[in-house]
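Build out the structure end to end from the sequences listed, making use of the hints.
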Amino acid sequence: MIEFENVSFRYEKEKPVLDDVSFRISPGSKTGLIGANGAGKSTILKLLCGLEQGSGKITVGGLPVIPENLSAVRRQLGFVMQNSDQQMFMPTVYEDMLFAPLNYGVSREEADRRIDDVLARLNITELKYRHNHRLSGGEKRMAAIAVILANHPEVILMDEPTSALDPANRRMMIRTIRELPQTCLITSHDLDMILDTCETVILLHAGKVRAAGSAETILKDRQLLEECHLELPLSLAGKN
Amino acid sequence: MSRINQALRELQSIDELAGGGSPVHRFSPLSKLLVTVGYILTVMSFPKYALSELFLMILYPVCISVLSGIELRRAVKQVRYVLPLVMAVGLFNPLLDRAVVMYLGNIPVSGGFLSLVSLMMKGVFCLLASFFLISTTPADRLFASLRKIHMPAGIVTLLLLTWRYITVLGEEAAVMMTAYHLRAPEQKGLHWRAWGSFIGQLLLRTMDRGSELYESMQLRGYQGDFPAVRQDPFRLKDLLYVLGWVGCFIVLRKYNIAALIGRGAGI
Ligand SMILES: Nc1ncnc2c1ncn2[C@@H]1O[C@H](COP(=O)(O)OP(=O)(O)O)[C@@H](O)[C@H]1O
Ligand SMILES: [Mg+2]
Numbered sequence: 107m108i109e110f111e112n113v114s115f116r117y118e119k120e121k122p123v124l125d126d127v128s129f130r131i132s133p134g135s136k137t138g139l140i141g142a143n144g145a146g147k148s149t150i151l152k153l154l155c156g157l158e159q160g161s162g163k164i165t166v167g168g169l170p171v172i173p174e175n176l177s178a179v180r181r182q183l184g185f186v187m188q189n190s191d192q193q194m195f196m197p198t199v200y201e202d203m204l205f206a207p208l209n210y211g212v213s214r215e216e217a218d219r220r221i222d223d224v225l226a227r228l229n230i231t232e233l234k235y236r237h238n239h240r241l242s243g244g245e246k247r248m249a250a251i252a253v254i255l256a257n258h259p260e261v262i263l264m265d266e267p268t269s270a271l272d273p274a275n276r277r278m279m280i281r282t283i284r285e286l287p288q289t290c291l292i293t294s295h296d297l298d299m300i301l302d303t304c305e306t307v308i309l310l311h312a313g314k315v316r317a318a319g320s321a322e323t324i325l326k327d328r329q330l331l332e333e334c335h336l337e338l339p340l341s342l343a344g345k346n
Numbered sequence: 058m059s060r061i062n063q064a065l066r067e068l069q070s071i072d073e074l075a076g077g078g079s080p081v082h083r084f085s086p087l088s089k090l091l092v093t094v095g096y097i098l099t100v101m102s103f104p105k106y107a108l109s110e111l112f113l114m115i116l117y118p119v120c121i122s123v124l125s126g127i128e129l130r131r132a133v134k135q136v137r138y139v140l141p142l143v144m145a146v147g148l149f150n151p152l153l154d155r156a157v158v159m160y161l162g163n164i165p166v167s168g169g170f171l172s173l174v175s176l177m178m179k180g181v182f183c184l185l186a187s188f189f190l191i192s193t194t195p196a197d198r199l200f201a202s203l204r205k206i207h208m209p210a211g212i213v214t215l216l217l218l219t220w221r222y223i224t225v226l227g228e229e230a231a232v233m234m235t236a237y238h239l240r241a242p243e244q245k246g247l248h249w250r251a252w253g254s255f256i257g258q259l260l261l262r263t264m265d266r267g268s269e270l271y272e273s274m275q276l277r278g279y280q281g282d283f284p285a286v287r288q289d290p291f292r293l294k295d296l297l298y299v300l301g302w303v304g305c306f307i308v309l310r311k312y313n314i315a316a317l318i319g320r321g322a323g324i
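Chains Z and C are the protein sequences, given in the same order. Note that this note's numbering gives residue 327 to position 221 of the first sequence, counting from 1, and the numbers run on in steps of one. Note that this note's numbering gives residue 149 to position 92 of the second sequence, counting from 1, and the numbers run on in steps of one.
Simulated from the structure, these hints should not be mistaken for lab results. None of these values were measured; they are calculated from a predicted model. Positions of the beta carbon are idealized from the N, C-alpha and C atoms, including for glycine. Heads up, none of these hints are tricks.
Partner residues are not named here, just some residues of chain C that face chain Z (Cβ under 8 Å, in silico):
id: 1; residue: D197
id: 2; residue: E269
id: 3; residue: S273
And the structure:
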């Protein structure tokens, strides 16, 4: 479904951020992309959407991510950005949700149906006509997910979905992620959230994939995590 | 609340005004755009000493204010940010054009003074008309109507992004001002020495946020054209609206109504 083969990348003239990174994500799975600040998590998401270009080969649903395919690739992907303020640019939640479907040629009636369906599923119907800049942090994050779901993506990319959320909103976010049927790639250093939502994990450190595999195994490995400047999830910390 | 925050909040509340449902709101965006352009062209075309004729052009903003339920006071308040700019343009007229053209009682009034006043009036009127346009028409529908009259997609996008970026710029400025004041509490404004780095930082941050905003648009299939969120048909009533106002403007421009009324009263 998603495949990185020997991908390297650097921002202009800086030192490499990613150095020969390879991994694959199977359809329908939920994968946590973890690593300390600056490990290159957001950069991987940007490469996937074709917002940046590196060397090596990236494919999404069998399509290589190259300029000619961008439109087809992006149609499959829904990117929930770290900062919802940057993601939403229309005046109201409703108009923001309409933007992508209409751009991709979905009819107005079909788009309206999808929007009502997504809002009901996320339990935020009351946000429909609210103005984006009047939403609270938690509401904004939920609206941002609704905006992405309205376009029926096959893969959802989330950049630090629980950062800056209070405990109640964080719990709601975790519940929402667990209920998503799509393939998900979630970056975070909130390892408890990753443990609650993902079955597999990719651990990045110093521009390389340090470990990849079952979330249970990797997130329990105190020594490995500490080498990568991370800490055991709180829920596991007491157990050994 | 800081001044920047205040300005920002006002700007955002324009977006909310635009979502209203008054009779003016219900005309098609294109018709309002055409009327506004017609109004601005008419106002600008008045000769520089024609104060009393020009003054009657205030009829349009007053009518729109009444019909839309948006108070004129509110509009004037909004326009105050740009007013100094308008004044600066005509500031030298009184110095350059000193010929006396009329007397108020027995005070001589120079041509330069008259033209300064008329320039200011023109500026204020045009700003008022623009304010009423954007506060009765949601931005995206307004921009969609620009596309309908075949304005190139690039320009429309640029305008729309500018509109969105202004708030981004303002938010960044507000955050930075807050951070600055927390560290320099005894200071009233920004110390002149901090201006350079402040503006540099502001531009960098705004560009970062702006490019992220643009990325989000691209990821959601943006190809240079905003999808028409609502179809805004141009109906007969919209045509009548345009013709009615343009007719009014032509009459106001061609005939000196003030003088006619004065003469009528004099008989
Ligand atoms: N636009 C950019 N220009 C230059 N360097 C960048 C840019 N964005 C990120 N970086 C650098 O790339 C590295 C990885 O960043 P990022 O992928 O955002 O990390 P993470 O999301 O894991 O915290 C960091 O060292 C960061 O400083
Ligand atoms: Mg990041």
